[in-house]
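Trainee: The lines below spell out each chain.
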Amino acid sequence: AQTVTQSQPEMSVQEAETVTLSCTYDTSESDYYLFWYKQPPSRQMILVIRQEAYKQQNATENRFSVNFQKAAKSFSLKISDSQLGDAAMYFCAYRTGGADGLTFGKGTHLIIQP
Amino acid sequence: NAGVTQTPKFQVLKTGQSMTLQCAQDMNHEYMSWYRQDPGMGLRLIHYSVGAGITDQGEVPNGYNVSRSTTEDFPLRLLSAAPSQTSVYFCASKEGWRSYGYTFGSGTRLTVV
Numbered sequence: 048a049q050t051v052t053q054s055q056p057e058m059s060v061q062e063a064e065t066v067t068l069s070c071t072y073d074t075s076e077s078d079y080y081l082f083w084y085k086q087p088p089s090r091q092m093i094l095v096i097r098q099e100a101y102k103q104q105n106a107t108e109n110r111f112s113v114n115f116q117k118a119a120k121s122f123s124l125k126i127s128d129s130q131l132g133d134a135a136m137y138f139c140a141y142r143t144g145g146a147d148g149l150t151f152g153k154g155t156h157l158i159i160q161p
Numbered sequence: 064n065a066g067v068t069q070t071p072k073f074q075v076l077k078t079g080q081s082m083t084l085q086c087a088q089d090m091n092h093e094y095m096s097w098y099r100q101d102p103g104m105g106l107r108l109i110h111y112s113v114g115a116g117i118t119d120q121g122e123v124p125n126g127y128n129v130s131r132s133t134t135e136d137f138p139l140r141l142l143s144a145a146p147s148q149t150s151v152y153f154c155a156s157k158e159g160w161r162s163y164g165y166t167f168g169s170g171t172r173l174t175v176v
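Chains as they are written, first to last, in my numbering: chain Z, 48 to 161; chain Y, 64 to 176.
Some hints here could point you the wrong way.
[Stated by the list, open to error] Derived Cβ-Cβ restraints for the label pairs, each shown as a range: (1) E158(Y) - P88(Z): 27 to 33 Å; (2) G164(Y) - K125(Z): 38 to 44 Å; (3) M104(Y) - Q116(Z): 23 to 29 Å; (4) M58(Z) - M104(Y): 15 to 21 Å; (5) A145(Y) - A118(Z): 39 to 45 Å; (6) K77(Y) - D128(Z): 23 to 29 Å; (7) G103(Y) - G132(Z): 23 to 29 Å; (8) A65(Y) - E57(Z): 21 to 27 Å; (9) S127(Z) - G103(Y): 45 to 51 Å.
[Stated by the list, open to error] Here's a subset of chain Y near chain Z, in silico, CB distances under 7 Å, partners left out: (10) L106; (11) G121; (12) F167; (13) S169.
[Claimed, not checked] Some, not all, of what chain Y presents toward chain Z, calculated at C-beta under 8 Å: (14) F73; (15) Y94; (16) M104; (17) V113; (18) G114; (19) Y127; (20) V151; (21) G164.
Hints were generated in silico from the structure; no laboratory data involved.
These figures come from a predicted structure and were not determined experimentally.
Every residue, glycine too, gets a C-beta built ideally from N, C-alpha and C.
Isolated chain Y (complex conformation):
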C-alpha cells in the first residue's frame, strides 16, 4: 500500500515554464487536496477535490490549475511559473467527508529561477 505518491520530489523551473506536479493515491480516497508550504508559514490550501470531476479553490489558488478525472490522480498544473511559486508542495487525501485522517505525500520541492 503506497499511500499518497508525489512526483517529482525536486524540480527547478525557469520563469514562464509550465509543469505538472503529480499526485496519486491507492487508497480509494474521495478527498484530495494540494497545499504549499513556504518558510515560516504553515501549509496553505491551494485547491481541493471532493471526488472525480469535482474541484474547488482553496486559500491561494492563483497561478494553479487542477482537474480530477479519476479517483486516484489529482495533478497540479503551473501554466507559467513565477519565482513566487517557489515552495514545497504537498498533496493529501482522506477517505470521505467525515474522515479525520489526512494522508500526506512526501512533498515536492519546487524552485523557480
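Extracted from the complex, chain Z is given alone in its bound form:
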C-alpha cells in the first residue's frame, strides 16, 4: 500500500517570506500523480497544485511551486511571498495512475505571522 508522510505537523512563517512544506511518499508504481491540497478553517478542500510522475519539470502555479524528486520520492511545496490567506492545513496526496482514490498525508498546519 502507498503511504504519504508529512513530517512537519506545524510550520510558521512571516508574511511575505518563503516557506517549504515537506512530503515523502512510498510506492512501487511508475505511473502516479501527486497533489497538494489546502484546507482553510472553512473545511473546504482546495487543490493547490498537481504533478504527474512522468513529467520531469516541476509544476508551478503563481506563488506555489513544487520540488519533485522522483528517485528520492519527495514532493515538497514552496510558497513564495506568503500571505495571510495562505494560513491553512496543507495536505500532500498521492494517486496511482490506474486506480481511483487519493492517499493523504496527515497534514501540515501553516501559520502566517503578520
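Start from chain Z and add chain Y according to the hints.
Mentor: Leaving out everything else, chain Y in the frame of chain Z:
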C-alpha cells in the same frame, strides 16, 4: 453550477441509529468517492464508484454501505452508528479516469454519542 453538494452539514446520532449522508454532483462526473477526516489525520478513503452501478471499497470501508444508482448521487449509509464513526465526511468527484481534478463537497460533521 453547484458542484458537489453534501447534506446535512452537521448531524448528531445516538449509538445504534442509522442514517444516510447525501452527496450529489451536477457535473456529470463518472467518479465519486467518500472520505473521512479525523483529528490529526488526513482524509481516508471509505468507498468509491467509477460509474453508475459500480462501487468498490477503499481503505476504511467497515461500517459503511454505498450504492450508485444514478450518475449524480452517491449516498453513504451508516447502518448502526458507533462513536468511532464520529468524523467529518467528505464526498468528492472527478470527470473520468485520467482526470486530475477532484471536486470536494464542503463536508458533513457527524457526531455519534
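Trainee: For this structure, which hints from the list above don't hold up?
Mentor: 2, 6, 8, 9, 14, 18, 19
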